[in-house]
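Novice: Chains as they are written, first to last, in the working numbering: chain A, 18 to 95; chain B, 18 to 95; chain C, 18 to 95; chain D, 18 to 95; chain E, 18 to 95; chain F, 18 to 95.
Some hints here could point you the wrong way.
[Unchecked claim] Using 20 Å as the maximum straight-line C-alpha spacing, the simulated SDA-like pairs for lysine to any residue come out as follows:
hint	chain 1	residue 1	chain 2	residue 2
1	C	Lys46	B	Arg59
2	D	Lys46	C	Ile38
3	E	Lys91	E	Trp21
4	B	Lys46	B	Glu35
5	B	Lys93	C	Trp21
6	B	Lys91	C	Lys46
7	D	Lys91	E	Trp21
8	C	Lys93	D	Ser24
9	A	Lys91	B	Lys91
10	B	Lys46	A	Arg42
11	D	Lys46	C	Lys93
12	E	Lys46	D	Glu61
13	B	Lys46	B	Glu61
14	A	Lys93	B	Thr20
15	E	Lys57	F	Pro50
16	D	Lys91	E	Gln31
Calculated directly from the structure, the hints in this document are not laboratory data.
Number of protein chains: 6
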Amino acid sequence: MDTWLTSLITDTPQQGFELAITLSRRGVKYTQPDTEVLHKLRPEYANSADSLTAASQVIAINFQTVAAANDYWKGKKG
Amino acid sequence: MDTWLTSLITDTPQQGFELAITLSRRGVKYTQPDTEVLHKLRPEYANSADSLTAASQVIAINFQTVAAANDYWKGKKG
Amino acid sequence: MDTWLTSLITDTPQQGFELAITLSRRGVKYTQPDTEVLHKLRPEYANSADSLTAASQVIAINFQTVAAANDYWKGKKG
Amino acid sequence: MDTWLTSLITDTPQQGFELAITLSRRGVKYTQPDTEVLHKLRPEYANSADSLTAASQVIAINFQTVAAANDYWKGKKG
Amino acid sequence: MDTWLTSLITDTPQQGFELAITLSRRGVKYTQPDTEVLHKLRPEYANSADSLTAASQVIAINFQTVAAANDYWKGKKG
Amino acid sequence: MDTWLTSLITDTPQQGFELAITLSRRGVKYTQPDTEVLHKLRPEYANSADSLTAASQVIAINFQTVAAANDYWKGKKG
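Next up, chain A with everything else stripped away, as it sits in the complex (with noise of 0.2 Å):
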């Protein structure tokens, strides 16, 4: 596979979350490395509560090894 993961350092709490998404995806991706399949399966999970909710729990996961990785950009006050 190509390089797509060099760091886990971003510049604030946002990009970190994208970060999140981007792992959760390549954890799907690998899984399933076949983008056709993958594109034929997004409606199902896309207009699902349940699914879009699991979604969001994997990013979630992620998200924290992510915060953890960048000290949770501690000095960033909103």
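For this one, chain A is given, so just place chains B, C, D, E and F on it according to the hints.
Specialist: Relative to the frame of chain A, chains B, C, D, E and F by itself:
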């Protein structure tokens, strides 16, 4: 996407909990950006005990992150 | 919403566990604020083993947060 | 409710694991205090592989908390 | 119950992973101690992709605990 | 079983993510060692959005462990 997350630091644990809710909803919204679809799905999970428990679980995971970022608001005794 | 969470610090681990329950219920309530709907849903999960396990899991996740906030009440030996 | 949790500190990791089981069961019991109902639900999950896995997962989450509280009983080498 | 867990410390990460599997199985066994029932349930989950994923998840959670206990075997570079 | 895990330390976060995938698959394989069965189950989860999300979640949990072991590769800025 717009800027919606500039810091994980909040003044109170309750604000932190509410930020955890925001993170959970954003996790859904990044996966399904169409607000009309999201609106239609609302009755599906808002009236299902198991879906609400699942939603509460995602909030709990995100609250772990926000709480750690704020060093658990340790100075605050209720 | 009213002020319901001013601190994660509790005197005993049991109070901390009960705070974790409060956090879990609030996670539900923020998602479905209509107490009448929540009341109607109660039999659905309170009589399902899997729903009760799921509820216990959310409590366990929130208890991790509360316990860390209290440095695990390390001074207390039962 | 009675006093059932005065400390997270245990002498051995096995006692810690058993405390994690207690926490998991209490999470259920706070949600459904009626022991008769709980008794009736037992066959439903005790004979389902997926329910048992879910129960084991809640124990695993609570064991993380108890193990951290005991600094992983690091002095003990089996 | 017999003594089965005297330490979380292992020599290698692989032994730690195998201890995580033991913890996961014990979590099931404390909930359903009847080995005959457990034996009958085996085909139900060992032939279901989702059940196997769920089992792997419990192992992953327990492995977090064991890995932290061993300070991630940081001295070992593969 | 053969030796397959001698260290959690990797050079890059991407290698760490791929190790997390290995851990997730091994968790399945310890539970169902019959590779023929595993092969037959593949279509069941590789074509289900919810199964893929669940697989991604186990990877996310294992990635937390691997990332912590590597101190989040903090020296690496992408």
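Novice: Look at each hint and say if it fits the structure.
Specialist: Cross-check of the supplied hints:
no. : hint               : in the structure
1   : C/Lys46 to B/Arg59 : 14 Å, holds
2   : D/Lys46 to C/Ile38 : 11 Å, holds
3   : E/Lys91 to E/Trp21 : 26 Å, violated
4   : B/Lys46 to B/Glu35 : 16 Å, holds
5   : B/Lys93 to C/Trp21 : 14 Å, holds
6   : B/Lys91 to C/Lys46 : 25 Å, violated
7   : D/Lys91 to E/Trp21 : 17 Å, holds
8   : C/Lys93 to D/Ser24 : 5 Å, holds
9   : A/Lys91 to B/Lys91 : 15 Å, holds
10  : B/Lys46 to A/Arg42 : 14 Å, holds
11  : D/Lys46 to C/Lys93 : 24 Å, violated
12  : E/Lys46 to D/Glu61 : 16 Å, holds
13  : B/Lys46 to B/Glu61 : 16 Å, holds
14  : A/Lys93 to B/Thr20 : 14 Å, holds
15  : E/Lys57 to F/Pro50 : 18 Å, holds
16  : D/Lys91 to E/Gln31 : 18 Å, holds
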